[in-house]
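Listed here are the chains, written in short residue letters.
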Amino acid sequence: MESAELIRRLYESIGEACVTSPDIAHVEIHGNRVVGRHLVPGLKVEAEEAEDGVSAHIRVTRGTQIAEPVRICFGILPEQGIQRVRIRTDLEEGARAAVMASCTFPNAVDVLHEMEAETNIGPGAEYVYLERHVHSPAGGLRVVPHARIDLAEGARFRTDFELLKGRVGQMEIRYRATVAAGAVLEMSARVSGRGDDRIAIEEQADLVGERARAVLTTNIAVREKARAEVKNVLRAKAAYARGHIDCKEIVREQGYAEAIPVVEVEHPQAHVTHEAAIGSVDAKQLETLMARGLDEEAATDLIIEGLLSPTHPSST
Amino acid sequence: MSSDSILELQEIILELGGRRILDCLSMAFWPGHVHAVVGPNGAGKSTLASMIMGLGDYRAHGGDVRFEDRSIKELSIDQRARLGIALAWQEPARYEGLTVRRFVGAGAADATEAALRRRLEQVALDPDRYLDRAVDRTLSGGERKRIELASILAQEPRLVMMDEPDSGIDVEALGRIFDAIRLLREEGVTVLLITHSQTVLEQADHAFLICCGRMVAKGSVAKIKEFYGERCLPCDHQNAPREDCNGER
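Chains A and B, in that order, give the protein sequences. Residues are numbered in the numbering used here as their position in the first sequence, beginning at 1, plus a constant of 46. Residues are numbered in the numbering used here as their position in the second sequence, beginning at 1, plus a constant of 48.
Since the hints were made in silico from the structure, they are not lab data. Hints should not be assumed to be uniformly reliable.
In silico contact screen, one side only, chain A against chain B (beta carbon under 7 Å); selected entries [what the hints assert, rightly or not]:
1. Pro-152
2. Val-155
3. Asp-341
4. Ser-355
Some chain A residues flagged as far from chain B (calculated, every beta-carbon gap over 10 Å) [stated by the list, open to error]:
5. Arg-240
6. Asp-328
7. Ala-345
From chain B, some residues computed to sit far from chain A (all C-beta separations above 10 Å) [stated by the list, open to error]:
8. Ala-108
9. Ser-124
10. Ala-129
11. Asp-227
12. His-254
13. Cys-260
14. Pro-282
It should be emphasised that the depicted structure is a prediction, and the values quoted were computed from it without experimental measurement. C-beta: ideal position from N, C-alpha, C; glycine also.
Put together the whole structure using the sequences plus the hints.
Here it is in structure tokens:
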């Protein structure tokens with residue numbers, strides 16, 4: 047299939063049109079092919095195609111501030127396939143960029159998508175990475191995104207993972223971050239599982255510098271026979287380091303959810319908190335909506351819609 | 049049975065954890081009027097509202113609840129709501145991520161943009177500022193109470209119960225809530241205020257005084273205020289109304 051047609055179909059599968067503005071940088075990767083690329087000043091992308099995927103190096107040069115979010119679209123359109131992406135991202139000192147990444151597997155029956163990411167955010171740099179997934183309704187997909195993130199002094203990083211459409215299949219997210227002095231990390235994931243979906247999320251942040259801060263937020267809903275296992279780890283190792291873990295999981299029908307918040311403090315002036323709530327929807331929330339005339343199913347769906355919504359304050 | 053009433057409670061008995069909370073309570077509420085149910089802490093006022101709405105454990109063990117002359121005792125919360133019964137909680141629920149637009153629109157008779165904006169304006173909230181905000185901890189207690197009231201107005205109910213409408217809010221927010229009560233009255237909606245506040249009581253046309261789940265007085269607001277001031281405030285009888293307070297049972 048021609049590259050232009052692949053790009054069109056990739057964006058169509060996520061309900062969007064192709065990016066045409068010259069002010070917006072974009073990269074499209076289908077399977078092991080880089081099928082589209084448009085860069086803006088200060089953004090460097092080197093990509094190398096491999097047998098089963100792509101290796102890429104993204105660099106935002108020192109002091110560059112990219113005004114419009116960079117669009118990256120990964121995907122496999124056929125029912126079967128393997129896509130292994132190795133991606134290194136360097137935001138040099140004082141750089142600022144946001145990436146809107148779409149990962150689309152709309153017809154997956156037997157698809158593997160692996161991501162090995164290394165992200166280095168230089169001193170004072172700011173980086174936002176929003177990852178939106180579109181999966182097939184069959185759930186025939188295994189998604190394995192692993193990332194190592196290093197925040198230098200005064201850097202800021204926010205990442206948000208969301209499944210927009212389709213079934214999870216099998217998902218194994220593992221993010222590990224190191225946060226230097228004065229740096230700020232926000233990681234959140236919002237996923238809804240059903241059928242025999244399996245969700246495993248492991249997020250870890252080490253606050254190694256003075257006044258390093260991190261918030262790890264995970265909102266999950268599981269129903270039918272879906273399972274979710276969430277492990278959030280925060281380690282505070284320096285003075286005035288601050289961290290918070292917030293995990294909410296709603297379980298319906300035969301779903302199963304497990305949350306393991308781990309907090310470790312190695313400095314007497316550090317402070318870390320955690321909050322986890324697992325179970326059915328809150329009775330008062332449910333009864334309030336039922337007192338507006340919604341039946342129990344509709345009220346529960348609305349509560350979960352809110353929980354998984356990107357307007358949640360910790361994800362905006 | 050009073051055929052003029054919109055809601056009638058007939059000898060309601062409700063027990064929680066083996067303790068009788070509502071004890072053979074009978075009341076009738078007239079359509080289009082603002083009623084108040086007053087009483088000291090633990091009198092059973094909030095339980096009464098929860099029982100009428102059909103919440104969780106608050107199901108009457110004895111007696112009957114009749115709305116527009118039909119028994120609703122066996123109906124679920126949402127079935128009662130669809131008949132036109134609404135409840136504003138003392139402490140409204142918070143919803144992470146759920147916008148005011150979705151919350152107010154959830155049970156709205158008219159969920160168009162124009163209608164939702166009008167409902168927010170009716171509780172003196174700027175739609176441009178609030179429609180896309182989440183109904184979560186970033187809102188104050190007064191804001192959440194007014195948003196809840198907007199959602200109730202959007203529901204176009206026939207009976208609105210408001211549990212402690214002055215709880216946790218400032219004077220300005222309370223004024224906006226009183227405006228909404230006047231609006232409901234003008235639209236012919238029956239209002240039931242659950243309160244122990246004299247200021248809230250003064251919004252009513254008619255009042256009931258209950259103590260330990262029993263009716264001890266009913267009548268005009270002036271009569272109930274006088275009764276409450278003379279008999280309830282100095283009363284040290286914690287577990288049951290005094291013998292001489294059982295006249296209306």
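Of the numbered hints stated earlier in the document, which are not met by this structure? Of the numbered hints, 1, 2, 6, 7, 9, 10 do not hold.
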